[in-house]
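**Q** Each chain, written out:
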Amino acid sequence: MSDLHTRAARGEEILKVEGLVKYFPIRAGLLKREVGRIHAVDDVSFTLRAGETLGVVGESGCGKSTMARTVIRLLDPTAGTVTFKGTDITNYSRRQLRDVRREMQIVFQDPYAALNPRMTVREIVAEPLRIHDLYDNHGGRKKVDELLERVGLNPEHGNRFPHEFSGGQRQRIGVARALALEPQMLVLDEPVSALDVSIQAQVINLLAKLQEDFGLAYLLISHDLSVIRHIADRVAVMYLGKFVEIGNKKDVYSVPAHPYTQALLSAAPIPDPALRGKREHIVLTGDVPSPAAPPSGCRFRTRCWKAQDICAEQVPDLVVRASNHPDACHFSEVQTVVPTAEAAG
Amino acid sequence: MAEPVLSLKDLQVDFHTEDGVVHAVNGVSFDLYPGETLGVVGESGSGKSVTVMAMLGLIPQPPGRILSGEAQFGGRDILKVKDDELRTIRGREIAMIFQDPMTSLNPVFTIGFQLGEAIKVHHKEMGDDQIVERVVQLLRMVGVPNAEDRVDQYPHEFSGGMRQRAMIAMAMANDPAILIADEPTTALDVTIQAQILQVLNKAQAETNAATILITHDLGLIAEMADRVIVMYAGRVVESGDIQTVFHEPRHPYTVGLLDSLPRLEADEKWLRPIPGQPPSLINIPPGCPFHPRCFLREGREVCRTDIPPLRPAGSADQKSACHFAEELKGHRSKFADVAAEGPAS
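In order, the protein sequences belong to chains A and B.
Each residue of the first sequence is one higher than the last, beginning at 1022 in my numbering.
Each residue of the second sequence is one higher than the last, beginning at 721 in my numbering.
This is chain B alone, in the form it adopts within the complex (with noise of 0.2 Å):
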């Protein structure tokens, strides 16, 4: 396998509240490899945004503190460097999308003046015509009809389909290696979804940057991903290929994520859900943070004592942080026979 372009290992990361320390991110380690997809899911709390943002010195500190970690990308630990040169790498080198383009962008300026702001920043040498001329060719390269007239337009005069695809140009300008999209298409409608999807699969192909997708929608995970991260309670549960993850899932987490879902192509009368609800991050149960929903940690005395490691389990490079991952090989999702069943035409 290629080098990582980026490789995160035992990132901790804490909150100081009124309310007592919250424990948003204990331990996260993953590889990124050049080209590849990352999806990393999780619900909400589950610390998936919080160890991107803190990776990228996004997170006010305080109240946040990181108390460990490492984040080695070009040759660096950029959990290190100083703050311009970490700024110098964000937007430049590492490039994100968010949620809600509206808070992304200024509304006080046009979107060609913000595109424009973006590359200008890293290529002092290009003078006005040529950051205009590259402003309309990022545009219309995601989409976005009559270019030319539509820069001088200010982010209200977006739609936000629109505005998405304005910040996916923007993040694109400065040929990124790597491309984060943090909830890229939560706020949109799913015909709206569908477009930026193509759109964001466009810009990856051409300027081949890793991605990391963070969601907590597991279909778009399954449509854009290459490899997964199952997050819980500031933890990876789970990570491995796509495939298999999504087909033969290796931590009794996954498997209840998996069926909980409703389903679009087939009836069910009941859904499975995990019962009980996440844990407070501030009081993070002991040994596994799962162990109070988990099916299988009945009489068994480990998953409250010990925090079970990220370890080999099931095939190829699956991770399960189970102590009993090995009672769920044979069980397949309910998901893993749909594409053998095929389209009804």
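Isolated chain A, as found in the complex (with noise of 0.2 Å):
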């Protein structure tokens, strides 16, 4: 178990995701007898390295929040393994689980609800700490001031409840909480989507130059195609429950070639009004269908303008294809829809 808390060097892999399958049931009647199940997460693999970021995009109810949840056992795992620095731990307990969750620690999306609006800024940021007997006799104090000073807070203020915060500060706090363990990796989900514009970039500034600092692996999940660019190394595009596509973000945005990715970046704005009207948009028809009955075959078929009868028939796999990096479409081909600084050179 010491390897568990050895610090991974940058680039080693420290997560294997391999087969990962979420379902929830859906129950019904008196007897509360199962009638169905939402397929949240169906078969997905992926590995992350240390000081690396993976970007897991995908709208809303994709299962990308359940996905990061479940890798980090929030949620129990219905089939497949998650294997940490070597350790297979899906089948963890709980009080096997706490000392992996020093190394693995998650960031969440609304800053409000996140926090207890009871407990003072200090008592936040040590509280992992103190559960992990490390605060008392371990210069806790001093620790939670560095912290908090780390996060681009004042120490002053760490008397102060989460209230008297502006919702960045509060962002920044969830941070320096989930610093304290000094964990390898990260799950940040929607980090940034509750704040705005100008606030949204210094916590992003904040998240890039933590990880440069400490080699941290982030495991982002977002819905927002400009912020993960931003941030992540890896991208993965997630369509009801499984990955699309995967690949560096380089790839990704400019070689894209499941229909879903070019439609989400097609429809990704940009803030350039002299585009308009130059750029494609791929307008998809319909809805996203219900997970709780998935279409057969490819899950995308049903609002895709390239469907035939062997995507009602076969699962695609998620397999290089048309492009230089793995999708899972059977009429794979790669389509440019963002223009590209680079291209003009």
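A couple of the hints might just be wrong.
[Said to hold, decoys possible] Just the calculated beta-carbon pair ranges, DEER-fashion: (1) A:Ser1214 - B:Glu1046: 31 to 41 Å; (2) B:Tyr874 - A:Glu1033: 46 to 56 Å; (3) A:Ala1134 - B:Ala1060: 55 to 65 Å; (4) A:Gly1050 - B:Thr808: 43 to 53 Å; (5) A:Ala1134 - B:Glu837: 35 to 45 Å.
Honestly, the hints are just simulated from the structure, not real lab data.
All values reported here derive from a predicted model rather than from experimental measurement.
Ideal Cβ positions, reconstructed from N, Cα and C, are used throughout, including at glycine.
Starting from the two chains in their separate frames, assemble the complex, guided by the hints.
**A** Here it is in structure tokens:
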């Protein structure tokens, strides 16, 4: 177990997720019998290296948050394995997990809901240290001061309560708490979605600086394609519980091969009015189907303009096809939809 | 230039709260011209929604209080007209679309009934059959599939995107002269947003309504607006033609907002955030409300003492409320050349 807490060298694989599945039962009737299942996450695999950010992008209900929570075992997986630093933690008990959680922490979207309003900021940041007996006799107070300073908060304000802080400052408190145990990996679940643009940029820079200084691995969940591009090194695109495309961010953004990725990227706004009418917008028809009854074969086929019979019959594997990185489309084909600065030289 | 359809002058709105007087809107003026889309952009608390709500008599008084202002529309000042006259203006001549259609629709009535009511209120001469026909026609126009059947469904049976379509149908029902859309796609996923924008464009083209689009999303403004006003701390800090303002901003706040945005189409190591926090509207800083966060204020007394008026700056009809707007001459935003680079294909 000592290996768990030795800091991984930059670039070393620290997380391996294989065939991860998470179903939620749908219960009905007096006896609460299971009448169906929400297929929230269905056969997701990936790896994460120290110092690296994997961005997972997708629309509401695609299972990206459930996936992240299952990886850090806030939810129990239905199937698949999660290996952290060479140790299979899939079936770890709560007690065993406590030790693992020192190394993997989470920052939530809503800085208003994620902090206990009755605790001072100092208590909030000290709590993980206390739980792990690292506060008393371990210079806990000084440590908390350092953490607050590290995330750009004045330690003198440590005795204030969360409501006395703005949204951006609260998110900094959430980050300080997540960093308290010196984890090697952070799950960032929509970390800047609740923040205004000018504050969002401050928090994004903070996250980048912390990663640079501590070699943290980030699993970043977001619906915002621009935020993902800015922070992530690699990007996975998720639709109805499955990864449909994964690769280095530059490749996914400039040579996407899956129709869903292309539709997403083409619909994402770029704040240049001169682009109006010049960019092709792929407008998908209809809504996302219910994850309780996902379509057979390719789950995207009901909204896809390329769909043929085979799409309803065969689940497309996530493998390298038309582009230089894996995608899961029977009719994989590169289509560039985002103007690239590099292309112009 | 044509006569404006709506001309707002010097609107000031306060709210009396337990913590003190909130100065939400502090002298906002703008003109809205026939057929144009005016974007109103700003972060939370900038006063962008309150401005419009106050104009339409939709803020409760108390705690709200309109201290001054004049809103010329159709030969009358709608800030002075009686409540029942304002009610006929709202919905008929000025229609609104809000962020969350679930809270704007009544859950216990069918979509068809609610749309029918909206028409009936203003068209007492129409018979029931005519109204049903018009409702179905409107729902078809906004792209609700099987409109004949779906008129009998309740709001909860519609998805978020479909509800927003129904709201647009309701807004267009009486051929309004002005359409006000307040964060119309903020609650929606990017692929659904793309659909709704298409519908909005179509509805606008069909009715030729002048549109006020209120949003925090600069990408959306770039995509939709002809002119833009940028708000900060209850004031207009910059206004002008959309391309001029986004390419050559002449107010340090607009410069900072655009710099803060992560990019979809290029890789950047660091963002340039605006330092600090937006001011409390109870204690707005003296002088220019932006001066505590501004990069031009260094060693300049006037920024801390005098409120800069909105005055011509840069080209065409561009205006800036900065004492030193001239110093931004030659500055181009990072999005100024995206379109020139073109799609990489």
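**Q** Look at each hint and say if it fits the structure.
**A** Do the hints match the structure? See the list:
For the hinted restraint 31 to 41 Å between Ser1214 (chain A) and Glu1046 (chain B), the CB-CB distance of approximately 37 Å keeps it satisfied. The hinted range of 46 to 56 Å is satisfied by Tyr874 (chain B) and Glu1033 (chain A), whose Cβ atoms lie roughly 55 Å apart. Between Ala1134 (chain A) and Ala1060 (chain B) the Cβ separation comes to about 44 Å, which falls outside the hinted range of 55 to 65 Å. Restraint check, Gly1050 (chain A) to Thr808 (chain B): a C-beta distance of roughly 51 Å satisfies the suggested window 43 to 53 Å.
At roughly 37 Å, the beta carbons of Ala1134 (chain A) and Glu837 (chain B) sit within the given window of 35 to 45 Å.
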